[in-house]
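Number of protein chains: 2
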Amino acid sequence: MQQSLFRGLYINIIVWDPKDVTVKGLEIIKKCSRVYLEGYTSILSCGAEALEEFYGRKIIIADRDLAEQGADEILEGAHELDIALLVVGDPFGATTHTDLVLRAKEKGVKVQVVHNASILNAIGCCGLQLYTFGETVSIPYWTETWQPDSFFNKIVANYQHKLHTLCLLDIKVKEPTPESLTRKKKEYMPPKFMSVQEASQQLLKIIEKHPKTCITGDSLCIGLARVGSDTQKIVSCSLERMAEYDLGGPLHSLIIVGPNLHPLETDYLEHFKNSYNYCWTQFASFGNGLLRTF
Amino acid sequence: MQQSLFRGLYINIIVWDPKDVTVKGLEIIKKCSRVYLEGYTSILSCGAEALEEFYGRKIIIADRDLAEQGADEILEGAHELDIALLVVGDPFGATTHTDLVLRAKEKGVKVQVVHNASILNAIGCCGLQLYTFGETVSIPYWTETWQPDSFFNKIVANYQHKLHTLCLLDIKVKEPTPESLTRKKKEYMPPKFMSVQEASQQLLKIIEKHPKTCITGDSLCIGLARVGSDTQKIVSCSLERMAEYDLGGPLHSLIIVGPNLHPLETDYLEHFKNSYNYCWTQFASFGNGLLRTF
Numbered sequence: 003m004q005q006s007l008f009r010g011l012y013i014n015i016i017v018w019d020p021k022d023v024t025v026k027g028l029e030i031i032k033k034c035s036r037v038y039l040e041g042y043t044s045i046l047s048c049g050a051e052a053l054e055e056f057y058g059r060k061i062i063i064a065d066r067d068l069a070e071q072g073a074d075e076i077l078e079g080a081h082e083l084d085i086a087l088l089v090v091g092d093p094f095g096a097t098t099h100t101d102l103v104l105r106a107k108e109k110g111v112k113v114q115v116v117h118n119a120s121i122l123n124a125i126g127c128c129g130l131q132l133y134t135f136g137e138t139v140s141i142p143y144w145t146e147t148w149q150p151d152s153f154f155n156k157i158v159a160n161y162q163h164k165l166h167t168l169c170l171l172d173i174k175v176k177e178p179t180p181e182s183l184t185r186k187k188k189e190y191m192p193p194k195f196m197s198v199q200e201a202s203q204q205l206l207k208i209i210e211k212h213p214k215t216c217i218t219g220d221s222l223c224i225g226l227a228r229v230g231s232d233t234q235k236i237v238s239c240s241l242e243r244m245a246e247y248d249l250g251g252p253l254h255s256l257i258i259v260g261p262n263l264h265p266l267e268t269d270y271l272e273h274f275k276n277s278y279n280y281c282w283t284q285f286a287s288f289g290n291g292l293l294r295t296f
Numbered sequence: 003m004q005q006s007l008f009r010g011l012y013i014n015i016i017v018w019d020p021k022d023v024t025v026k027g028l029e030i031i032k033k034c035s036r037v038y039l040e041g042y043t044s045i046l047s048c049g050a051e052a053l054e055e056f057y058g059r060k061i062i063i064a065d066r067d068l069a070e071q072g073a074d075e076i077l078e079g080a081h082e083l084d085i086a087l088l089v090v091g092d093p094f095g096a097t098t099h100t101d102l103v104l105r106a107k108e109k110g111v112k113v114q115v116v117h118n119a120s121i122l123n124a125i126g127c128c129g130l131q132l133y134t135f136g137e138t139v140s141i142p143y144w145t146e147t148w149q150p151d152s153f154f155n156k157i158v159a160n161y162q163h164k165l166h167t168l169c170l171l172d173i174k175v176k177e178p179t180p181e182s183l184t185r186k187k188k189e190y191m192p193p194k195f196m197s198v199q200e201a202s203q204q205l206l207k208i209i210e211k212h213p214k215t216c217i218t219g220d221s222l223c224i225g226l227a228r229v230g231s232d233t234q235k236i237v238s239c240s241l242e243r244m245a246e247y248d249l250g251g252p253l254h255s256l257i258i259v260g261p262n263l264h265p266l267e268t269d270y271l272e273h274f275k276n277s278y279n280y281c282w283t284q285f286a287s288f289g290n291g292l293l294r295t296f
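As you go down the protein sequences, you meet chains H and U in turn.
So for the first sequence, this note's numbering puts the first residue at 3; every next one is plus one.
So for the second sequence, this note's numbering puts the first residue at 3; every next one is plus one.
It is worth saying that the hints were derived from the structure and are not from the lab.
Note that this is a predicted model, so its numbers are computed, not measured.
Please note that a few of the clues may not be correct.
The list treats identical chains as interchangeable, and a pair is accepted whether it falls inside one copy or across any two copies.
Subject to a maximum C-alpha distance of 16 Å in a straight line, what follows is the list of computed EDC-like cross-link-like pairs (lysine to aspartate or glutamate) [said to hold, decoys possible]:
#1 174 - 65
#2 33 - 82
#3 21 - 54
Sequences and hints are given; from them, build the entire structure.
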């Protein structure tokens with residue numbers, strides 16, 4: 003009998019490229035009997051086929067239903083077989099995976115995590131010091147009847163403590179339509195990914211209701227798109243300007259910059275702002291149709 | 003002429019194993035003319051020789067002097083050659099690297115960052131939700147005459163906002179001896195890495211002076227050692243107990259747990275605490291002499 007094993011393989015925040023996996027991770031994938039790809043809390047831009055070809059393994063998409071309700075299916079045979087779950091982003095960012103690990107533990111199945119980058123540390127590429135970020139917030143898509151804004155208080159609190167705020171933007175993948183929720187056969191809405199433009203527009207609407215806070219339309223913010231990919235784009239401007247800015251395809255993240263910048267942070271921002279009229283763009287990737295590269 | 007390129011290659015927080023590099027990173031390293039390894043803000047446990055063997059490249063150690071003052075040397079010829087700088091941990095955690103990228107930019111040298119894990123996201127493996135962490139703090143080694151404690155206020159502020167605090171612990175590598183600071187030829191102290199035990203002892207001394215704060219000797223904390231390695235250890239207990247706890251070799255990190263836990267976080271902690279009398283240990287790696295594995 004083989005060593006029992008459930009491995010949660012942690013690959014890049016956005017797998018722009020199958021080669022974002024670590025060598026250690028790749029060796030593990032290649033010896034696994036089943037390889038799942040968690041496919042609903044983030045986005046896999048290169049397509050599962052590219053992964054299958056590079057890894058030499060069939061990829062089973064673990065969608066929302068499978069990851070949330072299919073733990074038994076994922077863990078089946080894990081005492082005798084090596085099984086991998088590829089997660090795009092932080093494996094413990096979503097409670098789903100924490101829950102899955104606990105279930106594995108209950109079944110006596112071993113777990114190994116192979117760490118990799120996620121947006122939480124990759125945002126360092128915008129030049130802001132990672133240690134001057136406060137609590138991370140999530141900005142959800144509003145509906146006509148559900149418009150929560152509690153995350154705004156967290157941004158304000160971070161700002162008051164002289165900290166930057168990373169805003170993770172909503173992703174809707176395999177969301178059942180409201181009409182099909184009560185039916186047996188669910189129907190799904192097309193996937194959508196919040197842009198920095200949409201997030202900024204929502205923030206401006208909240209600011210309208212709270213005009214006396216320290217965060218205003220003039221607040222400096224940074225929009226990041228497709229971090230780590232060849233088409234990465236980073237733009238810094240006022241929140242008001244960001245609300246009009248098109249950074250292209252997903253995934254996007256937004257940073258609300260704190261009030262005080264370290265001299266090196268200022269150098270970074272100034273460097274790019276000056277050369278691009280209040281907009282500075284990515285430095286960490288090579289350009290193909292970018293606003294500016296160097 | 004080759005495309006001009008300076009690449010900051012970002013490898014794992016602790017390279018326990020040369021295979022922690024991504025496949026993309028490995029391919030870049032293999033075509034670089036010079037490969038530097040930043041070797042003073044963290045620790046490379048596998049040794050540079052193991053990297054050289056696996057990467058098939060000579061590794062040049064960029065120590066404190068080279069990384070801080072030797073930018074010209076690192077960037078020499080970067081318009082014609084591919085050059086890699088391997089960084090253990092966040093490439094933009096240390097201002098040194100931010101500065102280096104700015105210098106590269108001034109010289110018109112292109113930069114690419116290949117992202118990977120760092121302690122900032124790898125700590126998710128302890129079961130606490132990454133989004134409920136506040137500002138990260140650094141705990142420095144005290145001397146007889148220099149005992150700063152401003153980080154304690156940040157821990158308290160995080161706690162008051164119901165957030166966990168990740169404490170990064172001091173590392174002293176290639177530190178000049180005080181006596182040699184004014185001499186031409188510097189002499190260096192042996193490297194040292196703060197343990198969770200030492201950090202907890204310093205925190206208890208600060209608490210003695212501030213007995214009325216929300217952080218006390220009874221506060222729940224988590225000690226992590228060698229995250230991501232085969233010998234990873236995670237222990238949860240009171241700060242007072244942690245001050246007596248030996249987690250073995252470096253690197254260590256300490257988490258001061260916030261006041262409110264998500265039910266899944268509680269499940270994680272309870273699960274391990276119950277089975278090990280107020281101590282729960284790693285779940286994310288395989289055991290070899292660990293307190294407990296599953």
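To see whether the hints hold, each was checked on the structure:
no.: 1; hint: 174 - 65; in the structure: within (12 Å within a copy, 46 Å between copies)
no.: 2; hint: 33 - 82; in the structure: within (13 Å within a copy, 40 Å between copies)
no.: 3; hint: 21 - 54; in the structure: within (12 Å within a copy, 21 Å between copies)
Checked against the numbered hints above, the structure breaks none of them.
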